[in-house]
Structures are given as C-alpha cells and as structure tokens.
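Trainee: Spelled out from the first residue to the last, the chains are:
Number of protein chains: 2
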Amino acid sequence: MQGMSKYVYRFGGGLSDGDASMKNLLGGKGANLAEMAKIGLPVPPGFTITTEVCTYYYQHNESYPDGFRQDVMEGIRHIEKIIGKRFGDADNPLLVSVRSGARVSMPGMMDTILNIGLNDETVRGLVRATGDERFAYDSYRRLVQMYGNVVLEVPRERFEEIISEKKKERGVTADTKLSADDWKEIIARYKELIKEATGRAFPEEPEKQLMGAIGAVFDSWNTRRAKDYRRVNNIPDEWGTAVNVQMMVFGNMGDDCATGVGFTRNPSTGENRIFGEYLKNAQGEDVVAGIRTPQAISIEQKIASGSTLPALEEEFPDIYRELLDVKNILESHYRDVQDFEFTIEKGHLWMLQTRRGKRTALSALKIAVDMAEEGLIDRKTAVLRVQPEQLDQLLHPMIDPSEKVDIIAKGLPASPGAATGKVVFDPDEAEKLAEDGEDVLLVRRETSPDDFHGMVVSKGILTALGGMSSHAAVVARGIGKPCVAGCSAISVDYEKELFTVGDIVVKKFDYVTIDGGTGRVILGKVKTIPAKLSSDFRKFMGWADSFRKMGVRANADTPEDAARAREFGAEGIGLCRTEHMFFEGDRIIAMREMILATSKEERRRALGKVLPYQKQDFVKIFRAMDGLPVIIRTLDPPLHEFLPHNDDEVRELAEKTGIPEEKIKKKLLSMEEANPMLGYRGCRLGIQYPEITEMQAKAIFEATVEVIKEGKKLVPEVMIPLVGFKKELELQRRIVERVAAEVMEETGVKFDYMVGTMIELPRAALTADEIAEVADFFSFGTNDLTQTTLGLSRDDAAKFLPLYLDEKIMMYEPFQVLDQEGVGQLVEMGIERGRKTKPNLEVGICGEHGGEPSSIHFCFKVGMNYVSCSPFRVPIARLAAAHASILAEKSDK
Amino acid sequence: MQGMSKYVYRFGGGLSDGDASMKNLLGGKGANLAEMAKIGLPVPPGFTITTEVCTYYYQHNESYPDGFRQDVMEGIRHIEKIIGKRFGDADNPLLVSVRSGARVSMPGMMDTILNIGLNDETVRGLVRATGDERFAYDSYRRLVQMYGNVVLEVPRERFEEIISEKKKERGVTADTKLSADDWKEIIARYKELIKEATGRAFPEEPEKQLMGAIGAVFDSWNTRRAKDYRRVNNIPDEWGTAVNVQMMVFGNMGDDCATGVGFTRNPSTGENRIFGEYLKNAQGEDVVAGIRTPQAISIEQKIASGSTLPALEEEFPDIYRELLDVKNILESHYRDVQDFEFTIEKGHLWMLQTRRGKRTALSALKIAVDMAEEGLIDRKTAVLRVQPEQLDQLLHPMIDPSEKVDIIAKGLPASPGAATGKVVFDPDEAEKLAEDGEDVLLVRRETSPDDFHGMVVSKGILTALGGMSSHAAVVARGIGKPCVAGCSAISVDYEKELFTVGDIVVKKFDYVTIDGGTGRVILGKVKTIPAKLSSDFRKFMGWADSFRKMGVRANADTPEDAARAREFGAEGIGLCRTEHMFFEGDRIIAMREMILATSKEERRRALGKVLPYQKQDFVKIFRAMDGLPVIIRTLDPPLHEFLPHNDDEVRELAEKTGIPEEKIKKKLLSMEEANPMLGYRGCRLGIQYPEITEMQAKAIFEATVEVIKEGKKLVPEVMIPLVGFKKELELQRRIVERVAAEVMEETGVKFDYMVGTMIELPRAALTADEIAEVADFFSFGTNDLTQTTLGLSRDDAAKFLPLYLDEKIMMYEPFQVLDQEGVGQLVEMGIERGRKTKPNLEVGICGEHGGEPSSIHFCFKVGMNYVSCSPFRVPIARLAAAHASILAEKSDK
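Protein chains in written order, with the working numbering: chain U, 4 to 896; chain W, 4 to 896.
Bound-form chain U, shown alone:
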C-alpha cells in the first residue's frame, strides 16, 4: 500500500507516536490512548495498529503488508522496555490485550482478546510473579476461552458448558468458588474442545497468539452485527478498524483491585459531578456485561441511586481523589465531557480509555450551557455541542403527570422519554411488527449487540439486568430511544413469551409504557404530554439563533399548527396546504358538487359555498402569524381525492346534491389515474378550472383585508404548485393579480402580496430562469422533486428501499435525507438560475427535508433564505441552521 508511513504507533512511558487528532488512522480509542499518555495520565504502555493496515488486509485477501509482523514485535519490545517484563518470559511474562478501535465507537460490536502471552509455561511465571495461582489459571482459562471463541470460532456455549459441568462436579454455583486446580482442569478440557471442534491445537506460542488475535479483530469488522450497526449509523465500510495492543492490567487480582467506567459529568442529567460505576476484583467486561450489579463512584451518586453497596469514594478514597484530578485534567484538556475506563491494580490507577462522553439531549444541552458559562468553551462551540436531532428527545412527549398510571416496577432511568408499545421479547419479531407499523416495546433480560436491529425499530427498551452503562443503556441513549434498564423486579420468560412482576403477568403483545426519564414501568397505554422546555433550552436556543443566518419557517395548515409553530420559534409559515380546508363538514359536499359541475357557473356556485370557511381559516392563521410571512399553496392534490370513496358516500352525495348515483360513479371512473403522482393535479387543476384559483385567491385576500383592518401586519405569499412551464405560473398569476385588484377595489384596502411557485419538477428547476420572470419566490418541494428525479414513488418504494439501503445503492432514505448528489443538483441549479433572473428572489424549502439537519446544511450552503418544516422540528431546524452558519464561518477562516 502506497503512502502508508508506518503500521504501528507506540504510546506509554513518556512517549506517544500519535495524538487525539489522528482518529482516522489510529481509531478513536488508539488516538485517545496516545493523547492520554501525552498529557501524563497513567496509561498502560502499548501500541496501535493503524486502520490502513485493516484496509490493506481487506484489499489483499486478508494478508498483511511486508514488515508488518516485525513492526508489531517492535511494539512489543517497546512495552517490554518500559515495563521490564518480557513477552513469553517463563518467569515474569508480559501479558497484553488486543482490542479493536474504529474511528467512531461501535460499542460491543467488535472483538477483544485479553491475557495474550499466557501458555502452559508462562502461566507458571505469572503464578510466581503474582503469588496467586488461582488468579493466574483463571486468567489463562479466560485467554483460552476468548481465543477459542473469537479467533477459532468455537461457540461460547461450549466453553460455558464445561464451566457449568465443573461447578456441578464441585457442587458450587459461583465461578469464584472454583480453585486453581479446577481452572487447570477446565483449561485442559477447553483445549480438548478446541482440538476436537477445529482440528487445531490452541497455540502456545505468544507471538502466534498475538497475530491470531490481531487477525480476529480485523475479521470482526465484517461480522453481520458490525455491518448492521454501520448501516444504521451510516459508517462507511471502507473506514476499517485500528487494533490496540496494550499491556494487561488486572482489576481482578484481589480486593485492592477494581475496574470501572466513568463520565466526567452525569451523562443523563449533565450535572457537573463525576459519575460512574465500578466492580471490585473484576475485569472491565464484567461491568459492561451487566452481570454483577456495579457500585457507584461517589457517595452522592450511591445515595441518589438508592444503592446499598459502598461507593468508590468510600472503598478507595485515594483513588477517588486521583479520579477527580483525572476528571479535571481530561475536561480542561478535551474541553468536553469524557467517558473513561479505568482499572485499579493492587491500588494503582490505570486509565484504559477516554473518549467523548455520549449523552442524552438533556445533558448535552446542560453540559454545553454550563461549560460555556464556566468559560471552558465559547458559545459557538456550545451551540455545536448539541446535535440538532438530539433536540427531538427534548421535544418528545412525556407521560402526563396527571394521568393515573399503574406502575408495576421501577428500573434505572437509562435513556429519557416516554414510550408505549406492544411487548415483544424477540428482536426479529420486533423488527417484523415494526415493519407492519406497530409500536413495539422490546423487553429483554439484558441486551447484546445481536439485539441491535430489534432495538432500533422499537419505541423503547426495557431490560431486567444491567446498569446505566449496560449495553442496553448505552445503545438506547445513542439512538435516542427511551430505555429503562436493570429493572430487577421483572422476570422474563423467553420460552413462554411473558414477563412477570410479582403476580402480574405481562404477555407478548400486551401494552406497556416506560418512562426512561424516571425508570417507571407502567401497565397499558398512557397519555403523554409535550416536554416542558427548560430555561437552559431557551438560553441555548437564543445563542443558536444569534449565530443563525437562515430563516426557519413551519409547515402549518391550521390555526392551531400556526400557533404551535410560533411557540417553537418559527419565523413564518413556509407552507400552508389548503386541501384540508375542503374536507371539514359540509365543505366536502360543496367541493364534490364543484367537481361534478358541468359548467363554469355551477362550479363557481359550488366554490362560493366553500369560500367563507376558507376565508375564516385564513383569518385565524394570519392572526396567529401577525407580522410574519405566510405562504399559502393553492389546491394541489388530484381532484378525485375529494370524491366519495365507497358506495355509501356516493349514495349520500347523490341524496345531498340531487346528482344521480350513476353520474357520480361514471365521473369517479373517468377520474381514475394510472399514476396520480404524475397526473391531473397541482396547477393543472387551476389551469383547467381557473375558478378554483380565483376562489382561493379571494379567500386569501379578503382574509388579508380583515386582518389588516384589525391593525395587524401581513404580506400573504400565494404559492402555485407543480409548475413545470413558465406559462402555467403566468396564467395562474394573472388570476391571482386580478382577484387582488378586485378585493382592493371592493374593500378600499390596499395590501402587498407575493405570487410564487413550488419548484418540485425537474423541468421547473431546469427552466428556473424563465419561471423566475413571473415568480416572486421559489419554494423547493423536495418530496415531489425527489419522487420525479429518482423516478421513485414514495408510496411504492417501501418494497425495495430497504434492499437499496442494504446494498448501499443509496446511503440514506432519500425521502428523509435530501439526495444532494442528484436532487441537490437540481435545487442548486434552480436557485442559481432563478437568481440570475431575479437576484433577490426569495428561496426556501418546504419538503420534509427542511427539518433534517444534513439537508438543512445543504440548504444553507446553496443560499436559501429559509427552511420550512413541521412545527415540532422547528427547534431542530433552528439549531441545524445555526450549526451551518458557524461551520461555514469556521471553514472560511
């Protein structure tokens, strides 16, 4: 591989070949180990094999570049030199761990092998060096087990069976009751198992162990679960993983040992206190696996969680103080919350990892605001610290406190938000049900990476085991799903597909609600209310708005929506659809009369009945938006959508209007379309029936006059949909202008207004220069533009879109995330050409992409004046727009 400078980057012993900026090459873990070593934190010495080696490995039929093995062994020499032990030394052997470490964390997705360097000979050296035979053989059997499972692919159960057998033989239930001799026997049986299952012996040579472990870690990059995880998290397959080889430190050498994980601030609440969990006399895996219940780090935390176990602050007060120093060093160095792992070996603190702490939306917000106010970061950085999508969690509904809820259990509040769904125990079943549109609540004893696909599709996750750092908790926070973890009161029976809480039996498909903010587990569906937004939230959004340069409007069709949009900070309405205004009550009858009419006069008469209702709707919306712009779109959907859909409705219509049923049915038939999406809709309706546009313009302008008379300010923007030809807009515009003049004449009130168009057909974008001649504004309808540009019906694409995402034909669902490469070209072209004709043309977006952060960045980049999205997504859009401004400013520097 060309340009690969070196394969191995060392750290420890006052030396660091790498640093935190080298994540792409060294992975997140490796880069941070190098950085920690650099800033003087106690890191076990080791080295990192670069991601480039991984790439080489996959490009060269799973082989290594020349000289790689030598470099690895030089890395081992580096550790030996610092620590004074030798790899494979029969007396005092150096043991190492081999861990994966990609650019971004993929928790639990890839493999780890510990205790490498042990064999029948060196284990005796370890006995001698530690004086603890049981520990030494336990360590050895762990290596054989991990190696057998991970490298040699012998199923884990087979190893567990051997331990179970042994425990039965010895009449004990806990691993801890097994003696050194027991472990020796177990090791022998393990080795037999490996021989029998694979036909190969467990490798005794440490170097062979090491190389096998490195290969296994590279291989684990391409397991199904790792690929699934990358797909969901949009991590490119090409990145590859780095491998970290590091001196082993042991948290399980006795009661002066421990292992733990921590956050420099509380990852759920954001509170500025060290937060974490540890297990005495244990290895790191034991904490993450959620098998033993961990202890709190601080006394305060212990009390808050209601734990009865002593805190680290009590059991290891010196180490606790040392950790507080570490917290300060990490935060002032990284200027962000860190998530770290540590091990205490015989009273000595070793830092094994640090990385950016994942956090809930709530805590992200608090941390950002606090750190800015503490002077650790500036406000722009603070704004960038909260991902726009995270706000969704804050805006999600919570359980209505006034609801009488049937709380059946309480677990850990692992990821905030309320979720209601049908209980399902199997992740595959969860996936199936969710595909059918069901709300699913995944209930598991504990979760593992294999359950990921089921977690992603569930509304929430409930587990019986595991703490705040368990797999379930970490993943749920990452994907923003409510989660109650470690709810030990529940007892899960996978066989019978039910869980029990005392006498209560909850069966598959029963409804359960969880509150991830409090840990409550509630029987049945529960009413929820919108979250209350904190003062931190308002402060934070204020900062965001101060940096934001692009406007944010909302799509709102009703006065209620309009009011809500304004509450959420919308600066106008980017899209008010008028179709619903034809549906309520008797209006639909008048609308149907209009469609069935055979003359302009009949149509006008029927439309006349709808006019007052529509006008009143506009009046209310205008009042709510006083002073802010409002874009109203004229009728868009195919007319047949307004017609009756079954015989009963036909009969009713016939009775109410006196039009024969036969005639109605004939009309229905004549209006059927092969491809309604590409059919008789949008401005095509207004071109055929100018009286519809006329009526709508009249309702808009009469409402305008009424609201202006109340002393309010308003410049309505009339938007013509589905324009593909300049002349279409010209003809519709002429009608709107005539009606505006008539209303001014009749009422004696002068008002301003704009007439513009949706750009939602490729042809509109391509001829935007012409269309702009008769448009005061453009609004990109990227839903339809995506459908036409990709030739993809939103209603039908579900059949193959999942396959397309799996096959990486598309990287994103194109109706959620704007296809910048394809559709984006037309958007850019449309803006550029439109502004060539009218330099000050107002341009926005009103497709659903207007509320999606990466699409919002694009909208900013191409120079839109505003984005418009659903009211609930307005804060997300505001923040995303602020990010876009700040990042653009940074990249300009």
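Some hints here could point you the wrong way.
A pair holds if it fits inside one copy or across any two, identical chains being indistinguishable in the list.
Stated by the list, open to error - Below, simulated DMTMM-like cross-link-like pairs (lysine to aspartate or glutamate); rule was C-alpha separation at most 20 Å, straight line:
1) K187 - D123
2) K305 - E172
3) K730 - E810
4) K669 - D439
5) K839 - E824
6) K669 - D798
7) K668 - D231
8) K435 - D809
9) K730 - D809
10) K802 - E644
Don't read these hints as lab results, they were simulated from the structure.
Chain U is already provided as a structure; the job is to place chain W on it using the hints.
Mentor: Frame of chain U, contents of chain W only:
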C-alpha cells in the same frame, strides 16, 4: 414602434422595394410579388404593408402607427403613376385588391377584398372604360358583398339570399343570366341589408374602403379558424400577416379573359410538365372555391384527366407559350417548383402570385431527384427538398392490388395513400369520434377553412366538388392525408347524414375506403399493403445516407421486426425489449411461477423454463442483424403486469402450478402500486431478483455463441433499464459479466459484448459522469425521461394536454416532439457528463422521439452516435439525420 423602417414596400413598373428574402417582413406572397416584379414577370403594380404594422396593430389596441395612412396613399399614387388610372376617378377608376399574406401560406384562412375603389360614381367610369355595364355592376356588387361580409361582418348567407330571390324573380338559375340592371338592384338591396344589419352605410369613399379592408385583413389573423390552423401547423401568433394592395386585373371581362392556377411541375407525380387549371371569364376565387369545374392547362393534362373541356393550350395558345416561358424563368430563378396564380385580362397575362409549390411526398421526391439530375440543384439541396415527415406518406400502406374491392365511384387523386374509416359528415363529429380513437373518413360536398379541425383528425377526406387545387386537395396534401376530391358521382345529404352513388346509400358510420393515389372510392374496409418504394426513392435515400453522419437504428422486439428494420435501412437495433418474450404461450405460466416463488431456487427453476424460448428469440434476431449492433434491454415493466388479471386467469394459474388461489390473490394485492411508473420496475427487479438478469444474460450469450458458431458477426449490447444510481448498474453489470464468463468457459467460444444503461431518470442524467464509469453505452429513454422531468404520466396526460396546447403552455405534445428546453437540457447534460468520463461513450436515443425529425436534429446537435425508432420511421430518421448534417455544415460556413 421602434426600428420600423417603413410601412409600405412597392413593386411593379420596373421597381421593387423588397425581394423574395424578405418573407418575414412582407409575407410570402408580398416577397414573391416583389421578386417576380424584379425578374421582369408581368405583375400588376401594388405595394405590401409589412407584418410589423400588424404586430403594432395588435400591440396598440388595433390602431396604426403615425403616418401609416399617408404611406398607404403614397402606395396608391405609385400604382396610379404606372398604370395611368386614378383611385376614385369617376372616368377611369383604379381598382385595387387587398389580400393577406403571412410568412407561410395559410390557404384560405384569412380574408381578401377585391374591387376596392368602386362606388356609385366610379362604377359609371368603369362602365365607360370597359364598355361593359354588366361586368362593372357585377364587380361592384362583388365589392359590396365582400366588404359587407368581411369588413362589416354581415353573414354571407344574407347576401346569397338576395341573389337567390333575384334569380327567382327573374326565373333564371345561373348568375350569368342576371343583367346589369339586376345587379344594380341587387347592389341596392345589399346596401339596405348592410344598413339594417350594422346600422352603418356601405362606405362610398374609396380611401375609407381601402382602410376598412386593410383592418379586416389584420383582424382575420385572429379568427378562430386562423388560430386553429396556426396551432396545428405550429405557426407563432406573434408573426402577424402582411397585407398586399394591388391593382385589380380581371379574368371575368369576357371570353378573352380567364383566371387560373398552375404548378411548374405536376404536384402529385412530380412529372416535369406545367400543370394547372383555369376558368374562362372568371375571377380567381372561382377556381379555388371549386364551384365550376376548371379546365386543364395543357392538352396532355386534359387527356390524362379525362376532361372534355378544352385546354388553355387550345383556347389561348399564345398565353400557353408565354406560361411555358414563365415556368422556365421561375424555375431557373427559384430553382424549385413554383405554384403560381395568373389572370388573363383581355388577352394580357398577369402573374398574381408565385410561391414554393406544395407537393406530395411522391412528387417532392421525384422533383428533388429530377432537379438534381437536371443540374438545377445539387444533391444536398435535393436531399433538403423532401421533408422527412413526408416520407411517411410513401411508407404508408396502400390498398392491396389483389384485394377484390367494391369500387363505387372515382374522383380526383388529390392526395395519395389509402385510408379506411367510418363515414362522418360533420367536422365536429369527426373530431369527437377521433378523440374516442375511431378511424374517421370525412365526407363533404366541398371543404372550407371552417372544416379544418375535422380534416386534421380524419384518416382521409372525400369531397363531391372541387378540383386538384380545391381547398380539400391543397390542405390534404399539406397535412399528408389521403384525399379523393371532386368525386361528382356521389351526392351528399347533410340532413339525412348519408351519401348516395346511384342506388347505393352510404350512411353515417358505414366504413368506406379511399385511395388518394388513384381516386377510387371503395365500400367497406380494405386490406392494405406497404407501398413499393420506387427507384427514385432508393437513389434519393442513397444521397441522404451519403451526407448523413449519425447512425439510425430501429426499435425491434421480434425477428420479424428486425428483418423489416433492416429492409428500411436500419443500421442495428437500438432497443430490443424482452418483455414480450415472457408472454407467449406457456412462458407466461413459468414467469408467474417465478413471481410467486418464495425462494431463489424456485425462481431459478421457473426462469429455467423460459430460458430456451428466450434464447431462440435472440438467435433469430441476431441472425437477422448479422454484423450490425443489437441492444437488448433486460426486463423492465413492473412484475405485476405479468400476473393474471382476472379470476379465470387466477384459477388457471392455480391449476397449472398447484399454488392456492388465495395465495395468488394475496400476492396480486401485495403488488398493487399507487404509481407503477415510479414503482417497482426496471433494474429494481433485477436488483431484487438477480436471477432474472442472470437468466436473460445467459439467454443472450448462449444465443451469441450459437450465432457466432454459424459464422456470423455479433457484439451484443446488454442494456439495464431505469438506472438512477451508479451502484445499480454496477451490481447488474457484475451479474452480466459473470454469466458471460461462464458461457465462454462452458462453450469455449470467446465473444465481445457491451453493458450499458438507459438514461431515463433525471438523476441518471445528472450523475451521468459517475454512471459512465460502469457503462459502455448510454441510450436515452426519452419517453420516461419526459414523464419524470415534466411530472407527467403519459397515460393520464390526455385529460389536460389538449388544453395545454391550446393555451400555448406547451408548443408541442411532449411525447411526440422532444421538449428540448427542459428534457433536452438533461439529455445534453447526460451526454456531456458521460463523455467527460468516457470520451468515446456510445450514445443514442430509443424513445419515440428518435423517429421525430426536429428531435433528431437535436440528437445530432448534442452529439449522439445514433437514433433508434420504429422500423417504419427508419427512412424518416435517415433523412432527418441527413438534413441535420447538411444544415450543420451550411451553418458552419
């Protein structure tokens, strides 16, 4: 109006302000009058009012620019000076005609007023000057009648009633039997009628008459029939018309007078003989109106047409010789066939008009070939002389000579080709029926411009009256419709909606066939065969091909189509659709099994049954195209199209396959789509079910090997449809390549092949640079590209497209004529970007636009390697492509 140099261009008396190149300004007629005057032909002096004045007129609320009236009167002075008469002179008055004249001829669409200058006073001067009182008053009444009808808008019938009354009073039937005094009385009654109907008197002042007539001609530009004609013929409304004011010459002053029309060569056959018709003692209108049966110009023509009336050659031998000179002057000057009008006034020949002679396809071809061989024009010019669309007439089916046909009458062979249809007498009804998809044959006593809309939609036209130059004949030739004119044996009864021939009664909706090449009228439907192509045709197409630079392929799905395509000169197959190969016989059962299969294996098994059939189809097609390229498209339509469409078919399928009906119905339901056009089709099928692509590739390559083994040459091109993302093509290509390798391996035969894609989605065009990385060729599927770019479903657009054409929102039906402005941009972009990646990328078009001349010009302009169209349109495409090359070369010079 700025930039308008002058309003009036004079001609005659050795002077010409204009010439033939000034058609845009002076109209076709005016420019040619100027030109004829310039080359010394005897043109009555006059002047032309420019089209700019017409434009001014419509832009300024139907008023004239300053100084216009003076200029007109100066034009009159110009005539007076030459001819020695004065306008309004009581003794020897100058009379003038006022005629329209647009850039292109719009036969009979606009108005003409003759004899301007006559009034109660000057008519007496005319009596004195001519010594013919009856003639003078007849001329006067003609003026009053025309003026009353055209300028003052009194219905024509009212005037005709007055004449009828008078004839009844006088007990005569022919106009010619009315005396001077009768005309005087009629004039008086006309004037009363005008006064009564309009409240205004007929203007006696010549100048007022003149200005009124000019205004009326301008107004006639915007009548409904003129607009209709322009819409059908794609003439812009903005062009406007010029007005020609010219000294009157009279063909009706006695038996030494006549009026006629002629062609320098036979417009039906192209034969190099003067050809025309005249009427003795008549005005020009009488010839065109088809009221009297005209006489032939030459004796030869007289004999050929079976006429019993003397020819001009006999009655006016000197004039005949003079006309032969005129023919030579015109042809050697214009180097093309001319269509001219003349009048003989008292033995003096006056040329009233000349213009490019309209001609049938057959004659156009013969004239072009002959003129090139005579040395009048070069071969390139000859090739340009035939419009590609005209070839359609030559290629149209003719009546099978072996058919026993029931000939009920014979008329004039006015426009070649055979047509069968339901007899309809009313043009509106013709339009209605044609909209319902019926074949219509329009039968009229004679046609007038008001019938135009009915003629356009009919398969053919049959008239009882009128000659080869009658309205019906001229228009039918222009629009390429078969026409039998002047079939005097038939008697049309509009009232009873039938026509009779002797005892035979043909009622509305009965089927009749006409043969416009022979004039035969046949009862019932008749079998037709393709036209035999003349040796002229082969010679001509040979010339065209020698200048053509772009390839022409055909869309052909069957071995028969392929053979026909080759006969028509196709240089390969641009699109072989494979869907039909799944429909025949039992294949459809296997295909349905495939769709209903639940595993890859089942699908493979079902597809295996189709493979041998598909392979045999390819073998035959490849054989037929030996040595020429063949593009085969993999399966494209939505799978549900292959499923049973009713209960019977479901039952049959259930029986044949053993799959329960329930399951089939469920599948049917699950495959329903909201917008199939944007749904689960094209390469999306092959991505989901790679085994389909696999089977098709296998069939293609096994067929390739078989044909190569026969010693034939072949490089099959496999085309993947509906690609929007590079990866789609990449995945499909991988399958095709694998199968190709397997087939080579199995058979030991090496072959070349190409893999390419349709560009039929906007996204494909936009990302063509990427797609080209994995494509060997592009073929633009402009049917679908038009649907997606315009957001217009071809199946549904019929509801509003007519309105869109009427409103001039679109200038052409976009599925017939490529939307160059919109869709064309994507085509251009796709080619440019594709070639940026692969400079030698083969690019073609396979949408229906590939057979449409203006679209073919576009394809050439943007650098396509070939166009592909239906076999019947291949010659049209060859000629259009030749035109494109020649014209590009010319514009380069």
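Trainee: Take the hints in turn and mark each one as holding or not.
Mentor: Going through the hints against the structure:
Taking CA atoms no more than 20 Å apart as the test, K187 paired with D123 passes inside one copy only; the shortest distance there is 10 Å, against 139 Å between copies. Proximity of K305 and E172 under a CA criterion of 20 Å is satisfied in neither setting, with 38 Å inside one chain copy and 126 Å between copies. In this assembly of identical chains, the alpha carbons of K730 and E810 lie at most 20 Å apart only when taken from different copies (9 Å versus 42 Å within one copy). Taking CA atoms no more than 20 Å apart as the test, K669 paired with D439 passes between copies only; the shortest distance there is 16 Å, against 35 Å inside one copy.
When the C-alpha separation of K839 and E824 is checked against a cutoff of 20 Å, the pair qualifies only between copies, where the shortest distance is 17 Å, while the shortest distance within a copy is 22 Å. Taking identical chains as interchangeable, the C-alpha atoms of K669 and D798 lie at most 20 Å apart only when they sit on different chains, with a minimum of 19 Å there against 26 Å within one chain. In the homo-oligomer, the alpha carbons of K668 and D231 never lie at most 20 Å apart, since the shortest distance is 50 Å inside one protomer and 34 Å across protomers. In this assembly of identical chains, K435 and D809 lie within 20 Å of each other by CA distance solely inside one copy; the values are 17 Å within and 52 Å between copies.
When the C-alpha separation of K730 and D809 is checked against a cutoff of 20 Å, the pair qualifies only between copies, where the shortest distance is 12 Å, while the shortest distance within a copy is 43 Å. Taking the closest pair of Cα atoms, K802 and E644 come within 20 Å of each other only across two copies (16 Å); inside a single copy the shortest separation is 24 Å, beyond that limit.
Hints 2 and 7 from the list above are not met by this structure, while the remaining hints are.
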